[in-house]
Amino acid sequence: MSITATIDGKSIEVQEGESILEAARRCGAEVPTLCYDSRVDPSASCRMCVVKVEGRRLPVASCAHALQEGMNVVTADDDLEENRRTILKLVLSENPTEECRSCIERGPCELHSLAGDYGVATDYYDGAISGRIPEDSNPFIARDYSQCILCYRCTRVCNELEQAHAIIPEGRGFETNIVAPFHESLLGSNCTFCGQCIQTCPTGALMDRKMLGKAKAEDVTKVRSICPFCGTGCGIELNVAHGEFIGVTPDWNAPASAGSLCVKGQFGIDFINSPERLKTPLVRRDGVLQPASWDEALGIIVDKFQTVKAESGPGAFALWSSARAPSEGNFLMQKLARAVIGTNNIDNCSRT
Amino acid sequence: MGNRSGSHAPFLPLLHDAMEQPGMMSEDTLNELAAALRIAPAYVHQAASFYHYSNLGKDHLLREGTCGGPACCLPGVGVGRGTPGEGIACPGLCDQAPASFADGLFRGTAADPFLPPPPAASVDGVEEVLFRDIRTPGLRSLDGYRAAGGYAQLRRLVETDAADALETLRASGLLGRGGAGFPLAAKWQAVRDTPGERKYVVCNADEGEPGTFKDRPLLHRNPHLLIEAMAIAGHIVGASAGVIYLRYEYPEAYGVLNEAIAEAEAADVLGGFDLQVARGLGSYVCGEETSLLNSLEGLVPWPRERPPFPTQKGLWGLPTVINNVETFCAVPFILERGADWYRSLGRGESAGTKLYSVSGRVSRPGPYELPLGATARELIEGAGGGALPGRTIKGYTLGGISGGLLAAEHLDMPLDYAAPRQHGFALGSGGVVVFDDACCVVDLVRTCMLFYEAESCGKCFPCRVGTVRLRERLDALTGRAEPSGKLMDEFDEIGSAMSANSACGLGQAAPLVLHGLVRFFNEELQAHRQGVCPAGVCHFL
Ligand SMILES: Cc1cc2nc3c(=O)[nH]c(=O)nc-3n(C[C@H](O)[C@H](O)[C@H](O)COP(=O)(O)O)c2cc1C
Ligand code: SF4
Ligand code: SF4
Ligand code: SF4
Ligand code: SF4
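So the sequence lines, in the order shown, correspond to chains G and A. Read left to right, the first sequence gives residues 1 to 352 (my numbering). Read left to right, the second sequence gives residues 1 to 541 (my numbering).
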C-alpha cells in the first residue's frame, strides 16, 4: 500500500514500510548517518539521522522508523544541525585519529567526511579515549580500535548478514569493545575472513591488511571484474596502483553479490602476482614437468583417451566439471562425456 | 546447568546457574548456555558480558564493595567523596547509608532494611494505602495477607466483568509510578484490545534509580499484594503468564516472592495465572522497559526503538503490560474502595497516594507514603524529619536523581507530575536526595554523572560519550583534573545533544542534574572555577 507524507515541505508518496531515512534521501535530503548499513537492521546508535516529526516531543531516529501516512518531517534545521555537530565532536573525541588509515589509503572515510562537512575535523572535545588495539596477527584484517567509533556495523554485518557470529560488542558504555569472544585474534574465532566488516566500517578501524601501506588512495584505480573462484560470480573491483594489482574491494553494484564476497574473492585474488602461477600447459618429459604448447598437451590427452576407450570402453571414464566454469562450459563438458566419449559418468564439483 | 524448560524467560535463570561455577565464565559454559537457549553463543556472550555482577569477560565476580551512589557519597554519610571507578551502583539502601555489598547481600546500617518508618503525624491528610498493613507481622504469608483482606479483589473479579474493573481503574486516575506517569488504564486497555492468544504481564521491580527505595518494602513485606495485582492485570488484559523482573540487589526478595508464589499456587488462588520471578544481574538501564524485555529475552539489554510499544510487541514480540511495583500494588485497593475514594487521596488535581523516598542529609530518611502532590517540604521536613541538627538544607534532587535538581527555595513545590515540568524537570520515581550546607552540590552532580557513565549501555553515541565528557568536566571543577576554559559552552552543547538525541531516558535525563546546578547554584559553580569550594569538600590540585 502506498502512503503520502511530507518531507522538508515536499509531498512524497512511498510504499508503506519504507524508513523515513530512505524516503528522505530519495527526496534529495542529505541526512547524515554513521551507523547505517541498509543491508542489516538499523541500530539507531549514532543518532545523526534524527529528524523532527510533527507531534513528537523528541526528534526521531529516521533509520529505524517507517514513514507514516500524513507524517510531517523536517530533516534539518538549526537545532538538528547543532546537535549533529555536537555528536560528531563527541564521537571524534572518543578516539581521535591524527592520521586516519582509511582516509589516506582507501579514500575519505565516512566519519572524517562528515567531520569535514560540519567543520569539526579538529575542533572536538578533550577527554579520555576508549579504543584499543588487540593482539591480532591474522593475515587478513588489520584491527585498530583506537580508530573505532562503536557504530556496531561490523558486528551487525558479521552476525546478521554473514551469520558468522565471530565478533560482538562486549561490556557496556564507554568501555564497550568489539571482540571475538574468548579470542584476541580472529584466527581462532568463527571468522571466515569474508572481509565484510572491513567494507562496512566507516572509519580506519578495520582495514585490509594485504593492502595496508601499498598505496595512497589517489593512486588507486579500480577495475571492475568477476571473482573467478566459483560459479556465484561475485562482482569485484581489482585495485590497481602504479600498474600493479594490490587488492580487492567489492563491487557494490554487482547483481549477483551486491557487495558481498567470501574469503576467496576478498583475499585470494593475489595469485595474480604469484611467481608460481602457470602460464602454459606443462608436460612431463623424462619425469620432469616442462612447458609445452597447447597443441602438444591436447594431443597427448586425445591419444591417451583413445587408448583407454579402446582397451576398457567408455565406462572407464568419469568426468568431473568445475563450479568455476560458466554454465555454457559445463554444458559442453557433458556433451564431451555423453556424445564424444559415450559415458554418463559426468558430475560437477558443486553438487558434492 | 539446571533445567529451565518451563521458564517464560530462561536466560537470566540460566545465567545465574552458570555463575555458580567459580572464576571467569569459560567458553564451554557459555556454549552450553547458548545451546540451552538456542541462541548463537556470540549473542549470549554479548548479553552476559553486560552486567555488573556477571563473571563473563571479567577476571572475577564482583563480590564486595561500598556504594558509590549520590546519597552514600555525601559528606558525613559514607565515603564522603567518590573516586572514579570505585563503588558499586546504588543498591537502594540510601535511607540506611552507607550501603555495602558482601557475601551476596547488600546491607545498610538498619537492622531491618525492609520496614518503612510510619510517616510523621506532622504531614496532614496522610492515609496510607500501600503501606497500610505493611507493619503487620505475618503479612508476608498467605494467611497473613488474607487476614488483611487479600485476594478478595481477584476472586471478585473472576465472578464479575473485567471491563467494569478497567473503568474503575480509569476513573481512579492512576498513573504509572515507575517514572513516566503514563495512565495505567490506557496501557491495560491497549493490551486488552490487541488480539493475541498469548500475552504477558511484566512487573518492573528493577528499582535501579539512585535515591529510590520505595518498592523495596513492598517486595519484601507484602509479596502477595503484588502477586494479586499482577493476576488481576492478567485477568483484565487476557494474559495467563507473568514475570517479575527483580533487581539483583534485592536477593532476599527473590526468596520471598518465590515462596509467596508457591504458596498462592498451592492454595490455587491465582486462577491459573502462571507467575515467575527473573533476577537481574546489575544494570540500571534494565529498568527501562524495553531494555528489560531484551534482558529477559537474553539479548543485550539495549533499549528498543518505540514504536512498537510493548503493549503491541512486548516480551517475545507479544502484547505485554509492564508496570512498576507500586503501580500494580495500588490496583487491588482501588478495586476494593472505588475510584472516587482513590482520587480523593491526592492533592488538587492529583489522584491517590505516592510512595516517596527521602534520603541524604535529613533526620529520618526513609520511604514514605503521602498524598500525591504533597510538597517537598512536607516530605523532607515533615516525614523526613528535616535538616540534621545545626545544618541548613541547600537543595534536593528529584526523581531519584533523574528528574532534576532544585534549591531550598523550591521546597514548597508540590511533588506531583505537573509542577516539576515548569523547570523542565520530572517527578520520576518520587525519590528525593537532600543536601545541606555541609555538601558540595558540584561534587554531588559529579557523583550522579559518574553513575550515568557507569550505567550508559553504550548503544548510542550522545550518551555513551557525553556522560563521560560531562563527568570529566565535573572532575575538573571538583579539583580532580585540570579545568578548561570552554566549560559552560561545553555543558550546554553536550547537554542539549544528549537530551534531544539520546535513544532512551537515561541519556535524555542525565543532563538534568547539571541543568539544576547551572541554573540554581551558579555561584557555587563559578567559585569552583576559581578553585574554591564553599562547602570545603573539594580539594584542588
Ligand atoms: C533508564 C531508565 C530506568 C528506569 N528504571 C525503572 C525502574 O527501575 N523501575 C520502574 O518501574 N521503571 C523504570 N523506568 C521506567 C520504565 O521504562 C517504565 O516507564 C515503567 O516501568 C512503566 O511502569 P509504570 O507505568 O507503572 O510506571 C526506567 C526508565 C528509564 C529510562
Ligand atoms: S571477516 Fe567476516 S566473518 Fe570475519 S569478523 Fe569480519 S564479517 Fe565476521
Ligand atoms: S570497527 Fe568500524 S564498523 Fe566496527 S564498530 Fe568500530 S567503527 Fe564501527
Ligand atoms: S567471492 Fe566467494 S562466493 Fe563470490 S564468486 Fe568468489 S569464491 Fe564465489
Ligand atoms: S541513552 Fe544511554 S542508556 Fe539509553 S540507549 Fe543511549 S547509550 Fe544506552
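No lab work stands behind these hints: they were computed from the structure. Remember, it's a predicted structure, so these values are computed and weren't measured experimentally. Just so it is clear, CB atoms sit at the ideal spot from N, CA and C, and this is done for glycine as well. Treat the hints with caution; some may be incorrect.
[Stated by the list, open to error] Computed beta-carbon distance windows for the label pairs:
1) A:M488 to G:R57: 20 to 30 Å
2) G:I272 to A:A35: 42 to 52 Å
3) A:W341 to G:E175: 45 to 55 Å
4) G:T122 to A:V532: 29 to 39 Å
5) G:R57 to A:E167: 20 to 30 Å
[Stated by the list, open to error] Selected chain G positions facing chain A (Cβ under 10 Å, derived; list incomplete):
6) N72
7) V91
8) N159
9) L161
Quiz prompt | Minimum beta-carbon distance criterion (10 Å), N72 of chain G to chain A | solution = 17 Å, violated
Quiz item: Honestly, do T122 of chain G and V532 of chain A meet the 29 to 39 Å range at C-beta?
Solution: 34 Å, holds
Quiz item: Does the nearest C-beta of chain A fall within a distance shorter than 10 Å of the C-beta of N159 of chain G?
Solution: Given a least distance of 6 Å, the restraint on N159 of chain G holds.
Quiz item: In this structure, is the beta-carbon distance linking M488 of chain A and R57 of chain G contained in 20 to 30 Å?
Solution: Since M488 of chain A and R57 of chain G have Cβ atoms about 26 Å apart, the given range 20 to 30 Å holds.
Quiz item: Okay, W341 of chain A versus E175 of chain G on CB: inside 45 to 55 Å?
Solution: About 50 Å separates the Cβ atoms of W341 of chain A and E175 of chain G, which means 45 to 55 Å holds.
Quiz item: Would the hint on L161 of chain G stand, with a C-beta cut-off of 10 Å toward chain A?
Solution: 13 Å, violated
Exercise. Report holds or violated for the interface hint on V91 of chain G, using the least CB-CB distance to chain A and a cut-off of 10 Å.
Key: 5 Å, holds
Quiz item: Honestly, do R57 of chain G and E167 of chain A meet the 20 to 30 Å range at C-beta?
Solution: Distance hint for R57 of chain G, E167 of chain A holds at roughly 29 Å.
Quiz item: So the hint says 42 to 52 Å: do the beta-carbon atoms of I272 of chain G and A35 of chain A match that?
Solution: Holds - the Cβ-Cβ distance for I272 of chain G and A35 of chain A, about 43 Å, lies within 42 to 52 Å.
The structure does not agree with the numbered hints 6, 9 stated previously, though it agrees with the rest.
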